[in-house]
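Listed below, chain by chain, are the residues.
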Amino acid sequence: DGGITQSPKYLFRKEGQNVTLSCEQNLNHDAMYWYRQDPGQGLRLIYYSQIVNDFQKGDIAEGYSVSREKKESFPLTVTSAQKNPTAFYLCASSIVKGSNQPQHFGDGTRLSIL
Amino acid sequence: QKEVEQNSGPLSVPEGAIASLNCTYSDRGSQSFFWYRQYSGKSPELIMSIYSNGDKEDGRFTAQLNKASQYVSLLIRDSQPSDSATYLCAVYRNAGGTSYGKLTFGQGTILTVHP
Chain A
267 DGGITQSPKY LFRKEGQNVT LSCEQNLNHD AMYWYRQDPG QGLRLIYYSQ
317 IVNDFQKGDI AEGYSVSREK KESFPLTVTS AQKNPTAFYL CASSIVKGSN
367 QPQHFGDGTR LSIL
Chain W
6 QKEVEQNSGP LSVPEGAIAS LNCTYSDRGS QSFFWYRQYS GKSPELIMSI
56 YSNGDKEDGR FTAQLNKASQ YVSLLIRDSQ PSDSATYLCA VYRNAGGTSY
106 GKLTFGQGTI LTVHP
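Listed in order, the protein sequences are those of chains A and W. Residues are numbered in this note's numbering as their position in the first sequence, beginning at 1, plus a constant of 266. Residues are numbered in this note's numbering as their position in the second sequence, beginning at 1, plus a constant of 5.
All clues given are correct.
Here are the in silico distance ranges between beta carbons for each label pair:
no., chain 1, residue 1, chain 2, residue 2, range
1, W, K47, A, A327, 24 to 30 Å
2, A, R310, W, N12, 18 to 24 Å
3, A, Y276, W, D32, 32 to 38 Å
4, A, K349, W, G21, 44 to 50 Å
5, A, G269, W, E62, 25 to 31 Å
6, A, R310, W, G14, 17 to 23 Å
For the record, the hints were derived by calculation from the structure and aren't laboratory data. Just so it is clear, CB atoms sit at the ideal spot from N, CA and C, and this is done for glycine as well.
Full structure from sequences and hints, please.
Structure representation (structure tokens):
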């Protein structure tokens with residue numbers, strides 16, 4: 267079945283540690299996105315990518331990094347510079363051409379600090 | 006003013022009633038509008054998309070868009086306990102051509118349908 271797979275489902279980060287969240291899609295979508303969701307809040311855009319080897323900062327990119335080496339994959343690294351990483355991280359994808367294409371989400375990764 | 010605002014919840018309705026969820030947006034250039042449902046601890050699931058003024062119906066769900074008044078709403082008829090979730094409104098503004106515009110989410114409205 268086509269979809270977006272995020273792993274792991276739960277992740278714990280130690281002080282000073284970088285952690286990487288995986289996102290893979292087999293929908294043949296061009297665009298991929300990373301969002302952060304804090305309790306009781308909407309989604310905030312961290313990074314997005316429209317094509318391979320290209321990505322742009324979203325509203326809250328500080329302390330995060332991404333890569334887009336393959337169309338199917340868009341991993342997110344939460345660096346030690348992100349001082350408040352505890353949140354629900356959501357990866358999404360969409361067909362990039364045309365503004366009327368909705369984004370579809372993976373199941374998310376819950377990140378906590380040890 | 007927030008870019009996308011949803012009516013503050015939580016909203017509680019009895020089973021079988023109509024639930025009405027509202028969303029206003031500040032950018033008049035917004036072109037695409039989406040409603041997502043998010044169950045507790047889960048990821049958002051797209052339930053409705055609407056692009057032009059008027060009503061769009063899909064089963065028990067009706068999305069209503071009024072661009073002049075800059076609001077979009079979601080009506081859920083014959084509400085069921087399984088509809089209890091957070092509903093997120095998302096508004097997209099195209100940047101033109103194939104450039105990515107901006108999709109902005111509201112903070113969500115919690116809906117509880119009680120038996």
